[in-house]
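All the letters of the sequence shown, read from the start, carry residue numbers 1 to 216 under full-length UniProt numbering.
All clues stand as given, with none of them false.
Label-pair distances were calculated between CB atoms; the ranges are:
no. : residue 1 : residue 2 : range
1   : F150      : V196      : 22 to 32 Å
2   : G41       : Q172      : 13 to 23 Å
3   : V196      : K54       : 38 to 48 Å
As a list, the in silico EDC-like pairs of lysine to aspartate or glutamate whose alpha-carbon atoms are at most 20 Å apart:
no. : residue 1 : residue 2
4   : K45       : D103
5   : K12       : E43
6   : K2        : E79
7   : K12       : E25
In short, the hints are calculated from the structure, not lab data.
No residue lacks a Cβ here, since even glycine has one placed at the ideal position from N, Cα and C.
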Amino acid sequence: MKILAFNGSPRKEWNTATLLNKALEGAASQGATTELIHLYGLEYKGCTSCFACKIKGGKSYGKCPIPDDLLEVFKKVEEADGLIFGSPIYWGRVSGEMAAFLDRLLFQYLEYSNSGHSLFQKKVKSGFIYTMNVTEEWFKKAGLDKHVEFNEFSTRMIFGDSESLLSFDTVQFEDYSKVVATSHDVEGKIRRRAEVFPIDCQKAFEMGVRLATDPQ
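Could you build the full structure based on these sequences and the hints that come with them?
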């Protein structure tokens, strides 16, 4: 059993990475081997609309041929038994690195047919972990739930069952006195970090357990 996690945050030791590591701890507790891949440490770009992955009989049919760091990552994906995508919400969506990664990852396996068949060779479960500065109220008010729903829809179509964990109102800065952030309830954020974030960590751990044990 191999579980892969992808960090779509430029930070390797902050909210998103912490939750991803907890999820991998959960998977490892069930005997799975795990790996965390930091997307910001890779050299790649988004989809270039070359459509090589869609050419009938083409050598790259169902495979993204762009020669960059994602080629090796995609090989690992095809060997994995579970996938976890983690990203902060930047301006109403996942980070640019995560968006480009998902575009390349998912589109290559989408068969342009009436059935919308997936070209991925097996079923694997996946999970999304989102961290964000906004409260749950603002998350819904801004319609961000639609973004989460679409990502789940897309991964279910290609890979199989998918789930999401949302961590709201996270702490962005180690020292709020150094930044202009008067719109933030800093004391509330710090209190939530101490009281609620550990619960989110436990939920991430449990996600990892499920991905490593529940059959697809």
